[in-house]
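One line per chain: the protein sequences are H and U, in this order.
So for the first sequence, the numbering used here puts the first residue at 1; every next one is plus one.
So for the second sequence, the numbering used here puts the first residue at 1; every next one is plus one.
Treat the hints as calculated values from the structure; they're not laboratory data.
Hints are supplied without guarantee of correctness; some may be wrong.
Listing some non-contacts, in silico: residues in chain U with all C-beta distances to chain H over 10 angstroms [stated by the list, open to error]:
#1 L191
#2 P248
#3 F356
#4 A511
A few chain H residues facing chain U, derived, Cβ under 7 angstroms [to be verified]:
#5 T18
#6 H20
#7 G21
#8 G61
#9 L66
#10 I76
#11 A77
#12 C82
#13 T83
#14 L85
#15 N89
Note that CB positions come from ideal geometry on N, CA and C, so glycine has one too.
Below, each chain spelled out in residue letters.
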Amino acid sequence: MTISLLMLVGTLLLAGGTVHGGRAMFGRPCCGARRNALRIGALVLLACDLRLVMMNQNTIGFAIVLWVGTFSLSTIATALICTFLNWRNAARSSTSHPFG
Amino acid sequence: MAACRDVLLRMPLDAQGLRQHGGHRDAPCSGRPVTWVDIVKGGLRASMAWLHNWVGIVTGWVLYAIALSGALSVFRPEISVWMRPELAGRTAQAVPATAAAIAWLQAHAPDSPAWYLSAAGPRAPYTWALWLQNGHYVQRALDPVTGAPDGIRDTLGGEFFYRFHFQLQLPYPWGRLLAAVAAMVLVLTLLTGIVVHRRIFSDFFTFRPNKGQRSWLDAHNLMGVAALPFHLMISFTGAVTLGTLLFPWGIGAAYHHAPGAFDTDMSPATVARPVSGHPGTLAPVAAMLQMADQKLGRAGLGQVYVFNPKDAASSIIITGANDDRIGYATHVLQIDGTNGRLLKEDREDRPVMATFAVLYGLHIARFAPGPTRWLYFVSGMLLACVIASGLRLWTIRRRKQGRTRGLVVMERLNAGMIAGTPLAFSAYFLVNRILPASMLARADHEVQVVFIVWGATLAGAVLTPAVWSWRILGSATVVALAGIVVLSAPWTTGVEQGTAMVATALALGVATAISRTRHGGISKGRQISTSE
Chain H
1 MTISLLMLVG TLLLAGGTVH GGRAMFGRPC CGARRNALRI GALVLLACDL
51 RLVMMNQNTI GFAIVLWVGT FSLSTIATAL ICTFLNWRNA ARSSTSHPFG
Chain U
1 MAACRDVLLR MPLDAQGLRQ HGGHRDAPCS GRPVTWVDIV KGGLRASMAW
51 LHNWVGIVTG WVLYAIALSG ALSVFRPEIS VWMRPELAGR TAQAVPATAA
101 AIAWLQAHAP DSPAWYLSAA GPRAPYTWAL WLQNGHYVQR ALDPVTGAPD
151 GIRDTLGGEF FYRFHFQLQL PYPWGRLLAA VAAMVLVLTL LTGIVVHRRI
201 FSDFFTFRPN KGQRSWLDAH NLMGVAALPF HLMISFTGAV TLGTLLFPWG
251 IGAAYHHAPG AFDTDMSPAT VARPVSGHPG TLAPVAAMLQ MADQKLGRAG
301 LGQVYVFNPK DAASSIIITG ANDDRIGYAT HVLQIDGTNG RLLKEDREDR
351 PVMATFAVLY GLHIARFAPG PTRWLYFVSG MLLACVIASG LRLWTIRRRK
401 QGRTRGLVVM ERLNAGMIAG TPLAFSAYFL VNRILPASML ARADHEVQVV
451 FIVWGATLAG AVLTPAVWSW RILGSATVVA LAGIVVLSAP WTTGVEQGTA
501 MVATALALGV ATAISRTRHG GISKGRQIST SE
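Only chain U is shown next, with the shape it has when bound in the complex (with noise of 0.2 angstroms):
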């Protein structure tokens, strides 16, 4: 036992942490490799950035494209107006728009098990219906007059980026796990953080451009002490949402005699009826919605769920939106679909439920009104930053110590992947005006370029030197941002101006970064472009 312990501690580990933060003291500088004992004997805060700076490596990526994504998705309804300019300038009502959807699906999707549907609102003139189709899920916005998804172009939309987010694109629990993880990983590199920056106080506004390692340190804490309230709470309400994947051991515990119950326990009235296997018909669904808009008062409608619409046992289950408060889903109807009585209405106040519906408010900031929403996007750009400037801290860090050929591929890939994932995300809004309006699976082929652009970018970025992959793929985010600024052409709603906006301020970012290494500046570009 006492042989095991003393082979773990003194397994080689890296330097860094105990250099940079504060360790040096108790740090070798004899060059001989760091072990364990050096980690514990440099104390709590060498231990920290040793922890800090590897648990961010290792997860930097996902963090980086996860939180980029989750920037955007702060404007999901927005990407998906600007993503579909035959709605640009309209209007729609919740209660007529989402009752000529469902007239529409009850005449096109009637096989369908369950018709998932958003209410139209102010900031998405459309609503968003997902139904079973041939086997396959279709998911389409449908046209708040007629209910049909003709003439409205198919693509995820901002849809995509929400999904992004939280999946990345991979199969159930898969992606959901994955990004769980991320999210307690990104907890952790936040606290570990904390202690390992001990002039979090006196540098607080403390930034010194063109000093090299310095500035990207500077830069690095500043993003991320600025607004580390932010991150703590995005990073945490994350991994709560996701808590049931993380944690499963426990509903497996206590629901193991009935899977479904614990469910039925989370949201009494988001269950639907079981099917009664007899025929039946809606009811006109009109009045049941305008009886639950007015049950649900200011929120109004969010989610309509129709259960088994060709069923005698149909239930229509209405979740009210959050726009009055910060916690989502806490008022709930459940709705008979033959005859529009009330079955069930669920107001959540139960404490431990209620604390949790007000955390996944807060990070999926559906309440947030505009300026809110601006701070959520600015914050979530801030943390996409921090993380993009840790990841090129470390390599720059590393370089000092010497040019091993696993540092230059490090150096390549964060190139690629950082500059790579806004261009990958730009050609998403670029190819959305590009492909005819109504090729076919044309939003399976939107999400395809994203994908084939990101490899392209890691590809060539492991083939060429990092300098030069910096200066390339910002130069193409520059160009196609400016795209996205002359696709928002004529700039009439808030929509195209805010897209541009956004746009515009994006590419003078990366173009200034550009420029910046090129003169040697925050990254010491030239430095780096002849030692490789």
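Pulled out of the complex, with its shape left as it was, chain H reads as follows (with noise of 0.2 angstroms):
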């Protein structure tokens, strides 16, 4: 559980650091030094997950496949994540500007 919930926080930062990730989480896409601080942060997430699989299983071929698999839920899961909050924000644009 704690390997899945760093995974999805993992690529949560990843997605921010990404032109229409930064759009959906921080209402506009992040400048240069914030997408740069995100992606590093991501990285480091994603490292110490991969590690924390790693001494969680038997073999590192295990983990691998494991971690693998598990990120690209991860990137399903913040892709839906991303479209809810594009909704919402969309939704909540409208409401402030009935006729715009």
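Using the supplied hints, reconstruct the complex from the two chains, each of which is provided in its own coordinate frame.
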């Protein structure tokens, strides 16, 4: 559970560093320094997650297979979260500008 | 020569790839047919887009069925247990269950030249056996205590999906060859897809719903990119697994003098001794199995093959399971059936063979503990969705260029195949519980139902507008999946709960997709229905 949560937070940070993801999470794409910080943070978290998975598995091979699979699922989950955030942002902006 | 090349270069081709994937600046917009010259001028990405589209559409249906059955075969033992409710909640030990099975086969199938057994385990509380009887191979699950098939319904269970995944229910070698070619094509499609997808990183987490074609493309890209490592791994290892069928010439060149020598070199301990021609009897097998179990250590018994059981040169070949490593069948024992003496012990440590064992093991995932198995299943389903969305996208794009008869047939067949395959597979589960348990040739009838339903859905889809086929077949699939949930009652065992959970999730997914189509969501169903 901890491993999955760490992975999800990592992919969310990674998404925050992209143009579409940044717009969904922060309302606008991040600037260069902030984007780099998000990406580095994401990579550190993902690396820590891989380390944790390796410690919990019998072999490195098992750990890598599990980590890659979890990363795929986290990516899909993150994309759906970004889609929801985009939808919410759009709903809010249409409420605040009914004739816009 | 130059004239031939000129003719070849001016063959008419479809412009889609050029227009959709970055070759638009060089693509002709005048309406004249696109030629090879245009493709070449369009650059690498346009060429790859063309290849991605056409290779994908030609093999998409086969790949879809292979991906779907492959995802299901991850849970082969669990499906087999679900389809044999008599075994629900039972447990079995590999050694006594295998000994009981061999004792029963000694009494009831003594003339079979070999008995092929898969040992019982925590996931499968039965021994799966295959033997020759009256000129036909019989496959049955044997009781872990009595060793007899009595009281256990005759069904292939999850074995059907596993076999279908790489044999496509076709005679050898055609099914395997087709699956091997499909695997190679999938590798090619994935690689060309990577080249085509220009914004692979910036659109990594992007899905924009309710935007018609854009939504389909986003869904296709998202599912394809998110599980790309799995997709590449599973397609490449699939092609490698069937590599000897794709490239048989090397074996032919090296072993033309002795065809059997290749198998001996590949796995020395799995080649049985030749028949002596003198009668013999098997020594008590329980002691031999116990000894083998100790030698195999944590892995335990996997496959047990008994060759020439009535001959003085009988041999028992035992392959270790691979719960403790990715590589499959890397530890094999061969035992003299008449006296229990260990004849050969083979631990695979040759680099190339060990690499092959790892690639094969990665593909079949027998090593996988519970969470990894679920990830395999979900990733396999994502692959099926990527293929299905790609097929759908192909027709949506072409519809914009005009509606031709060929496109209408393609749309209808797409609906029949994409929505009909899950329905046919669901019917397999339902018919398992509907047919009488003691029916003769029951397993064959179950499989026949799958193909009858599949054929009927395809025939119906060809005769019905695509938008109606999507709704009718989708609704039928939801009903069938709901039936599986109900038949999984009383939901007390892990298998029943897991099956009900997966069926519920799939039913909700299909129901959502139908409702989105009805309300003009991702697929803009209304626009399609009015134009058709």
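>> Which constraints among the numbered hints does this structure fail? Numbers only, ascending.
In response: 11, 14, 15
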